[in-house]
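Engineer: Chains as they are written, first to last, in the working numbering: chain W, 4 to 315; chain B, -13 to 274; chain A, 478 to 786.
Just so you know, the hints here were simulated from the structure itself, not pulled from any lab data. Hints may be right or wrong, so weigh each one.
Said to hold, decoys possible - The list that follows gives simulated cross-link-like pairs (lysine to any residue, SDA-like), each with its CA atoms no further than 20 Å apart:
no.	chain 1	residue 1	chain 2	residue 2
1	B	31	A	613
2	B	31	A	615
3	W	139	A	621
4	B	52	B	137
5	B	31	A	576
6	W	139	A	522
7	B	31	A	523
8	W	139	A	523
9	A	696	A	527
10	W	213	W	23
11	W	139	A	568
12	W	139	B	31
13	W	139	A	576
14	B	31	B	15
15	W	139	A	527
16	W	139	A	644
17	W	139	A	574
18	W	139	A	615
19	W	213	A	652
20	W	139	W	174
21	B	31	A	648
Claimed, not checked - Residues of chain B clear of chain A, computed beta-carbon distances all greater than 12 Å:
no.	residue
22	3
23	30
24	43
25	100
26	101
27	117
28	189
29	245
Glycine included, each C-beta is placed from N, C-alpha and C at the ideal position.
Below, each chain spelled out in residue letters.
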Amino acid sequence: MSDEPTIVFTNVSKWYGDTVAVADVSVELRPGVTGLLGHNGAGKSTALKLCGGFATPSQGSVRVLGTEPRLDPQAYRRIGIVPDGDGMWGFLTARRLVAACARMRGVADPDSAAERALREVDLLDAADRRVAGFSKGMRQRVKLAQALAHDPEVLLLDEPLNGLDPAQRLHVVDLIRRLGEEGRTVLVSSHVLHEVERMAPRVVVFVNGKLVAEGGTTDIRDAILDRPRTVRIETPRSSDLARALIGERLVHSVRLTDGHLEVDTADVERFGLRLPALARECGATLRAVAPLGDDLESVYSYLTDRARGRMR
Amino acid sequence: MSARVEDVRYSRYEGELRGRTERLGSLVWFGARTALGARRSWRAKIIPFALIAIAAFPAIVVLGLKALLSSRIQETIPEILPYDDYYGEIGIVVMLFAGLVGPELLCPDRRDNVLSLYFSTALERHEYVIGRIAGTVAPMLLVTLFPQVVLFFGNTVFAEEPVDYLRDEIRTLGAILLAGVVLALYFSLLSLAVASLSERRAFAMGGYIGLIVLTGAVGGSLAFGMEVGNGWSLLQLLIVPISAVRTMFDTDPFSDPAVAPVYYWLVTAAVCLGSLAVLWWRYRGDEG
Amino acid sequence: MAAPPAHDAAAIVADGVVKTYGSVRALDGVTVASDENAVGLLGANGAGKSTLMKALLGLVRTDSGRLNVLGIDAVRGAAEVRHRIGYMPEHECLPRDMAASDFVVQLGMLRGLPHRGAVLRANEVLFQVGLEEERSRLIGTFSTGMRQRVKLAQALVHSPELVVLDEPTNGLDPAGREEMLVLVRRLSTDLGIRVLLSSHVLEDVERTCDAVIVLREGKVVTEGRIDAIGVDAVARLRVRVRGDVHAFVAALAARGISATPGEDGLDLDDGDDATLDAIRDAAGEAGVSLRELRRAGRTLEDAVIGAMQ
């Protein structure tokens, strides 16, 4: 597998009349799963449409698998899409629908491709029922199956977990992670961030049409230098430990709340180095050490606030 | 110095909940208000009020003339506008008004799926239907009853002997009241029945007007044009109820004296019942 | 006016509730009793969650069994149940051409509040959900988040004792989800209103509920307080360090503690304070930066997903 990026946005802007959906975005996406995050109206769906060739950039260029998707009909055969809306042919059975989509994309044996895809999403027992009678979760899985059936290199998934129950969600999260590990380029848009964290080692964050961050969650976190890290420590000797930490100027803020200690530190690396020794000196057993604000949820909300000019 | 801090977090409604009549009454009130364009732009108000003005116009003209002339001419002015003619004059207005109000009250609730919220939290299905019928009939009375009553009392005032007039014509007043209610009910039910079939107000109104125009044309041409039989005139959904109420006023219906009055009433009742059946069917629900 | 309302009756009591649709047994003998203030309802699609919710709301008549909500029989007392329960549906159900406050007032009056009372309550609930500035705007102009909040407001206008929420975070972006979850949590902790929440996102249930009821194929398979689930399971410790990880593992081994590399750092067996001290000292000795140390027991997810399938 070459190291060329699969999807390349170069100074892409997209206008719809008087509204700017995407503003001057440049990014390269490589094989693996990338999460696409942003508030409603931030440009995520537009970005997915641009990748899939359903829209052309007003400015700049989008290249997927080396071509511009809208101009190259062959590109559709290598891209799988789970769109947001519905619009499926209700009168077909799940099997027929997925097979038809596979056939349209040039799959040699559409029926067995459909069988495989339906098994992957756990819809085999309902495969010969009409889609019109399906529940929301089942329709979602049909969409997934038709996106997988032609074994695409690129997958564009817009809220793929919508309507699925907890067990199905877990299953699809694993599925998506596996698809990324197989070397496909998967772009997943979702609002449920702890699930994105599980499937996607990298994320791309949009705020108001602009790209504000890109990379792994912890790396993004580390790249944000202007914000202190908060750590929560559970220990029976919280005041003693607090005193010691302040004494060594490892922290600039300390909060003592029911049974634990919350500190803010500008240098979390040095803090972590000195913590064990200081705790030992105070005789403080460390029952838990938890970095707060390192998860994707906190990083995302920080990025959005920061873009708005509101710092915390 | 002392201070006071109030915790308003737990404020709740602690009073009595009102009974079904009041709750339904609020539905009727809101429906009637919406029909007349309340809490919406001036555009939503202008058509209903224009229609009401047109419906009242004949009464205003007649009373205005009487007011002007009665001081100058001592004789009794012949009745320019007999009460039963009034309905014929404003028949189109009545029809249009119903066609405006019915869809307004039923279609948005269906389109926006508010019905599911009503039925799961506030209302029984039959309560909703009754409330919507009443909410349509109430504003309809502004065109089917209010102008005629104004004319009646105006005539009373301008009569030579108002008290005698009132006493002689008390039966007529009764007829006006009944006619107003019957017409309001008939056109409301018909409009609501058609509206219940669609989510879109434009389609509902178009369907309702189309139905009336079509039956009018077919009935009219069969009865009078091709002279197949006078009975076909009973198809004319606009004319029939008007002819029916006119029978209460001791004059012949203008369209076809050869059809006995009772048939007009039968068809009027049939249309009302049929519309109710359509409404019942559309709102019956299908849950255990 | 300054005390939360007292809850005198159990929230939900079900005993052998059965509901059949044709050949499908949607509820197949549901038996559960819960008195928690915030309960999450979980289950696979088709497990009976929506049927149970509809039965609790009095919208569906059960075939047999006893079902009480707030001490009222859900079948015979359906009208009273509606007075004391609020419902926030999952689907779209708001009129586009009405202002938010008008709609909430109308619903208040349809539920029996007098006009003044309805206006007061509409003001209060729209404020509680954060829509006080937008209340005169047409609902058709609202974003998804705002519409969800209107749905919640109408569920609260008649001062219900219990509110049933069906997928309240549906369609909301991360910030909207956060706001809604905080709002829902406040209902039971700060405003004294009991909550029954149905959601497919376990995090929603974890953040807002004290207990769960899990359904599978029309029966209750698990129920209980969230903090009690998994307490009996064998816990592990998870440690994350930066620096010379091998030295750290060696220092641990020297103290008799074995560590296996896991998904997110090192996995160790749980132990008492002495063990924790040993881990701490091993980190100090190895010169690594101690980033994270936590217990990784059975989560709600582990407990529930197995039960649901």
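Engineer: Against this structure, judge whether each hint is valid.
Structural biologist: Against the structure, the hints come out as follows:
1. 31(B) to 613(A): Status holds; Cα separation ~19 Å.
2. 31(B) to 615(A): holds (17 Å)
3. 139(W) to 621(A): holds (19 Å)
4. 52(B) to 137(B): With Cα atoms ~11 Å apart, residue 52(B) and residue 137(B) stay inside 20 Å; holds.
5. 31(B) to 576(A): Roughly 17 Å between the alpha carbons, so the hint for residue 31(B) and residue 576(A) holds.
6. 139(W) to 522(A): Satisfied, since the Cα-Cα distance of roughly 9 Å is no more than 20 Å.
7. 31(B) to 523(A): violated (48 Å)
8. 139(W) to 523(A): holds (11 Å)
9. 696(A) to 527(A): Status holds; Cα separation ~13 Å.
10. 213(W) to 23(W): holds (10 Å)
11. 139(W) to 568(A): holds (12 Å)
12. 139(W) to 31(B): violated (41 Å)
13. 139(W) to 576(A): violated (30 Å)
14. 31(B) to 15(B): holds (16 Å)
15. 139(W) to 527(A): holds (13 Å)
16. 139(W) to 644(A): Since the Cα atoms of residue 139(W) and residue 644(A) sit roughly 13 Å apart, the hinted pair holds (cutoff 20 Å).
17. 139(W) to 574(A): violated (28 Å)
18. 139(W) to 615(A): With Cα atoms ~29 Å apart, residue 139(W) and residue 615(A) exceed 20 Å; violated.
19. 213(W) to 652(A): Cα-Cα ~17 Å, so holds.
20. 139(W) to 174(W): With Cα atoms ~17 Å apart, residue 139(W) and residue 174(W) stay inside 20 Å; holds.
21. 31(B) to 648(A): This hinted pair is violated, its Cα atoms lying about 36 Å apart.
22. 3: violated (3 Å)
23. 30: violated (9 Å)
24. 43: holds (30 Å)
25. 100: violated (5 Å)
26. 101: For residue 101(B), whose nearest Cβ neighbour in chain A is about 8 Å away, the distance does not exceed 12 Å, so it is violated.
27. 117: Violated: least Cβ distance 9 Å, not greater than 12 Å.
28. 189: holds (17 Å)
29. 245: holds (44 Å)
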